[in-house]
Structures are given as C-alpha cells and as structure tokens.
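Next come the chains, spelled out residue by residue.
Number of protein chains: 2
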Amino acid sequence: MSADRIVRMYGVGGPEVLRLEAVAPEAPRPGEVRLRVRAIGLNNSEAQYRRGEYPLRDTTFPTRIGRECSGVVEVLGDGVTGVAVGDFVSTIPAFDIQRGGVYGEWAVVPAAALVPVPAGLSHIEAAASWQQYLTAYGPLVERGDLGQGDVVLITAASSSVGRGAIQMARLLGCGVIATTRGRAKRDLLLAGGANHVIVTEEEDLTTRVADITGGKGFKLALDPIAGPGLAGLAEAAGQSATIVEYGQLSRDPAPFPLLPVLRKHLTIRGYTLWEITLDPARRERAVQFISGHLARGTLRPVIDRVFRLDDIVEAHHYIESGRQTGKIVIDVEGGESESGVTLSPRA
Amino acid sequence: MSADRIVRMYGVGGPEVLRLEAVAPEAPRPGEVRLRVRAIGLNNSEAQYRRGEYPLRDTTFPTRIGRECSGVVEVLGDGVTGVAVGDFVSTIPAFDIQRGGVYGEWAVVPAAALVPVPAGLSHIEAAASWQQYLTAYGPLVERGDLGQGDVVLITAASSSVGRGAIQMARLLGCGVIATTRGRAKRDLLLAGGANHVIVTEEEDLTTRVADITGGKGFKLALDPIAGPGLAGLAEAAGQSATIVEYGQLSRDPAPFPLLPVLRKHLTIRGYTLWEITLDPARRERAVQFISGHLARGTLRPVIDRVFRLDDIVEAHHYIESGRQTGKIVIDVEGGESESGVTLSPRA
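So the sequences go chain by chain: A and B.
Residues in the first sequence are numbered from -5 upward in steps of one, following our numbering.
Residues in the second sequence are numbered from -5 upward in steps of one, following our numbering.
This is chain A alone, in the form it adopts within the complex:
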C-alpha cells in the first residue's frame, strides 16, 4: 500500500466522481504545512460540494476535497511559526477546499488552520471535533446570553452539528428540545443529552414546544432545514426569540413568517461557521472554549461510523443515506473498516 494516496474529484456528480490514487506529495508553499493524515472527518457540506451545489470558481478537475482531519506535521513551508514537525494537530475548516482538501494520506493546508489535539483525544476523535462544535459555538456561546433554564430547539438534531449543539447547549445549562423526522433516532438523541425529542413525522412541533415550555416557547432555534417548516418554528418561538438558519436541507421555498415575527419581535438570522473561523478574535475564543471542553471530556464527538480510506465512495453514499447520527470518519491508518461503531458521550 502506497502512503501517497489521495482522493480527488473528477467532476461534480455522485460519489463515484471521487477517486483514490497515488499522487506524489506536494511541497507546502509559504505559510502552509504538509500533514501526514491520520483520520478524516466527513461532512455533509462535502457531499453538497461534490454534487455541485456550491459555486465552483475556476475549478479544474481533478480537484481535492475535504476540510477536517487529524494528522502529524511532516514539512513546514517558509515562514511558518508556532507549529513543529511531528506535532499532532487537527485542521479547522477555514481554508480553500480546492487547494487544501484533506481527503487522503497527505494534505497541504494553511498553518493558520491547525489546532493542537487536546490530550486524551484519539486520532479519530481529533478528526471529528471541529466542524460541528465551531458551527454550534457561534449561535450558542459567542452570542453570549444563553444560560441556565433557557430553552434551545435543535432541528435535524441527529446530524453531527445537531449532536454537537445538544452537548454544547447542555453545557451552558440550557434545556434542549431536539427534533428528528422518524422515531428511529429518538432514544439516541435522549441518550445524547436532549431533554425532549419531537418526532416531526408524528407530532406537531408547535403544540409540543408549547406543552414542554408551558406556553413560553423557545429562546433560540438552530435550524439547518428552512423550507416550509420555518413557519412552525416562528409559531413555536418565544417572545424576542432568535431562529438561526444555517443550512438549506429543504429544497422547498420558505415563506417569511411576518406576523409572528412582528408580534413576538423575532430575529431570523443566517449563520455559517465562517463568521467564527474567519474572525481571528472569535476564532481564538472558540478554539479555547472547545479545546478546553474536549480535554475535560465535557464535549466529546459522537462518532457514527468509521470507514477505511479505500471505502471513500461507500462513505459518501452513507453520508447521503441519512441513516447516520453523528460523525462519519475515515480512519486513514486503520486497515479494517469498523462499521457501526458509536461512541457515546462521556458527559
């Protein structure tokens, strides 16, 4: 087995556009480092990218893909400080995927995208900790006013961001209502920290939130779906509540819920983790917060399933199946595929 294999995308389309092939490692340019990759965290945004749902500027195929990995620093580009050859690091998703893609046995990434791996984390966990916690950090922590007894509603809660957001909201002392389409993932979400789970195929969200909160509604909703469900979220919202939209899982248009927005002084806000990762001060606060909790085990990534690098196409099919709850990881070091491994949070 070559140690120089990387995954490249040969066009936009199904998982089969991803090909694993040996490519001689590139030298890092100034400000970059080359990593020997140990594990890769897969994210739904990469499946969207692969399907062509993000604008691709000046892309020539084949192109690399992937933003989240753990690995060991192998070569430093000119001018890199603060990191040394041999350091065990994670990448945080704050760089150009087309040059810096991390799917593979080696990757060249900006040194600025590296964070040290907190003590006690495995290489699998270190590849699966950043996208979801950084995403959840902005609306939950950086916002600054959530605490004991505030009710947070997390929709599509089985996703890795959803699972991470449940943990983080509980850390802050909030009560968490999680939503999931079918009842299959209900118990996992309760075990993962949700105080209440609403099964949206069977239950009316507005009624259930009103019941749970004694009519007060939620203070914050984290919603990657949008679409027609936005109206129900606005109905379920409390006075002066905020609805954070951070994705577009629904393909259907969302009506703007003007009347509840006016009546309850609601805020609907678009958010992506770039608000945190591209602002040095916010990013530093976020990394400190998340690293501290990872080291203490009060945040611990939920791993749904681990694949081998050879199975990258299968792993991308699995992302799109919607069956996962938590993170899908490629163990670049591991020869064997361990299907169905679920680590439950220590917290």
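In short, the hints are calculated from the structure, not lab data.
Keep in mind that a hint or two might mislead.
[Unchecked claim] The calculated label-pair distances, taken between Cβ atoms and stated as ranges, are:
hint : chain 1 : residue 1 : chain 2 : residue 2 : range
1    : A       : Glu196    : B       : Leu253    : 45 to 55 angstroms
2    : A       : Glu196    : B       : Arg175    : 39 to 49 angstroms
3    : A       : Arg175    : B       : Leu272    : 35 to 45 angstroms
Just so you know, these numbers come straight off a predicted model, no measurement behind them.
C-beta: ideal position from N, C-alpha, C; glycine also.
Given the coordinates of chain A, work out where chain B should sit on it, guided by the hints.
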C-alpha cells in the same frame, strides 16, 4: 361649542365609524391623569385598528381611539407623582388604546405615558413627535453600533416614521437611502435629509443600492412593507446587514430569502416600538435622547397637514390616501383647518 367632545368608534370599518360627540369627562383612576387635549397626532396604526386589522379583545362599542396627543394636565388620579395640574405634556404610545384613547377634547391616560414638552415646541409639534421617533430609535440608536459612514436604507420613507428615521439616521452620521414609490415625493425626501432617493416604480432597488454604495450594500434597512420586496432588500444588503421589519404594508406574502441570508449572514428582525416603550430602561434612554434633540431642534417633526377635530372623518380618509408625507395632526384648539401646511426640518 362644548369642550367635552370626544371621538368614539362605533364598530370596525371606514372612517365613518368615528363619531364626535359630547361625553362628560371621566374621573381618572389611580395612576391615571385627565388631560385637556390641545392637539392629536394621527398614525396609520389607528387606521388599521379602525379597519379591524388588530385583534380587538373584549371590545364593546363605542370605544375610544388614539394614542398620541399634547395637552394640559387637568385632574390627577390617586397615587400619581411626578406630574402636576397645569403641566404641558405629550403622551407616548404605551398604553391600552381602548381605555386611553386620546381623540377628543379630553382624555384619561396612565401618568406613566406622559413626557414633558421640551421648550420651544408648539402644541402641534408636541402631538407629533413621539410615535415616529420612538419607532426609529430602537433600530437606529438602541442597537448601538451605527455611526459615521454607515448606510441606512429607509423604505416607504414618506411616512411619518420614514421621515423621522431619515432625520435620526443623519444625526448619527449615517448615509441615508430613502425609497418612495413614485417620483412625486422625491424632492421632499431629499430636502428632508435623504442623501439618495430610489423611486421604486422606475428604478431597480438592488442595482441602485449597489451603485450608491460601491457594491458594499447597506448596513441596516428599516422596512414597514415586507411582501415580495423583501427579496430585493436581501439582495441589496451588505455583509452581516440587518433588515428590520416593522409593519405589513404589503398584503402579499414575503418569501424568505434564504440564499442571501446564508451567504451574507443577514439578520431579519421583527420590531415594534413596544420593545422600547414597555421596557422602563430603554424607554427612559429613548425619551432622554429624543427630548434633547427636540429641544435643540436637531429633531423636528415634519407636519404634513393639520385638521380640525370636526374633520376627524376627513382626516382618516386622508391617512388612507397615501398622499401625505410626514405627520397628520388634529389641532383641537384651532377653529380653522390649515390644509397643506408643511414644516421643513430646521436641521
């Protein structure tokens, strides 16, 4: 002419449901005062109320209407402090219209809704200063981060709130882009402080905002319209901009502009002046800010037209005509109707 005439609403409907009739003045209850009304500020929200567009809880007709007036304190209810018989005061719109309606020669209102009239204001201006400046204060001043060079977009800018918001945004050092449907009111808006006016029947809002701002977009939009135009506002918005919705002038549904909201991290927020008037600390800050500027003449209400109390039905027809720009006032003291009086800002 009796001095005890008040306007009462005999049902929901056209302006004719308003009737002027002699009714013996009521005694104020504890915490209330009775005013001898000198002038009344009319607001579009009262026309909406009259048409039945607000939920009417437990209303028995006839019922009073109106929230904004200037007058002299005539009788104090038990327990009222901080105000004396003979004081010249304005009401701020922060009380139950069904008991406290001010259309008429006398009114009974909560003492907490009174503010002293700043030196130099006429009784007409004192009845026309609070609804629009309190409404504009929340998004422009209380928000706390607008200043020199920030671009504020004010839609439906010919309304009294629009005219007040133009003045207030300029006070803060902002650049103001005002919108108006037809070109008739364009020059008035420029004279009233707008740096640029977009005539929406003739010009494309997104293109014009991009031209004016060098592609940067606006930082804040104040929009009482909503409807399909929300999409254009989101397109014209700058990175991390806020769109404040404070009305529902459009009868058509608004689509939620998810893609620009996500791409630019936009915030869309529902707002009413109750956020300011029902919060004692915010209200106190707002009253201090507005009173100070009224006394110095750096805020001065734009009066579109003054009617006599006998002409209340005609005045409500005029509200609905959409021809006004600025405030419509009833001069309760004046015998004569002065049509078409427009006071331009001193600033």
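Now for the hints, and whether the structure bears them out:
no.	hint	result
1	A/Glu196 - B/Leu253: 45 to 55 angstroms	31 angstroms, violated
2	A/Glu196 - B/Arg175: 39 to 49 angstroms	48 angstroms, holds
3	A/Arg175 - B/Leu272: 35 to 45 angstroms	39 angstroms, holds
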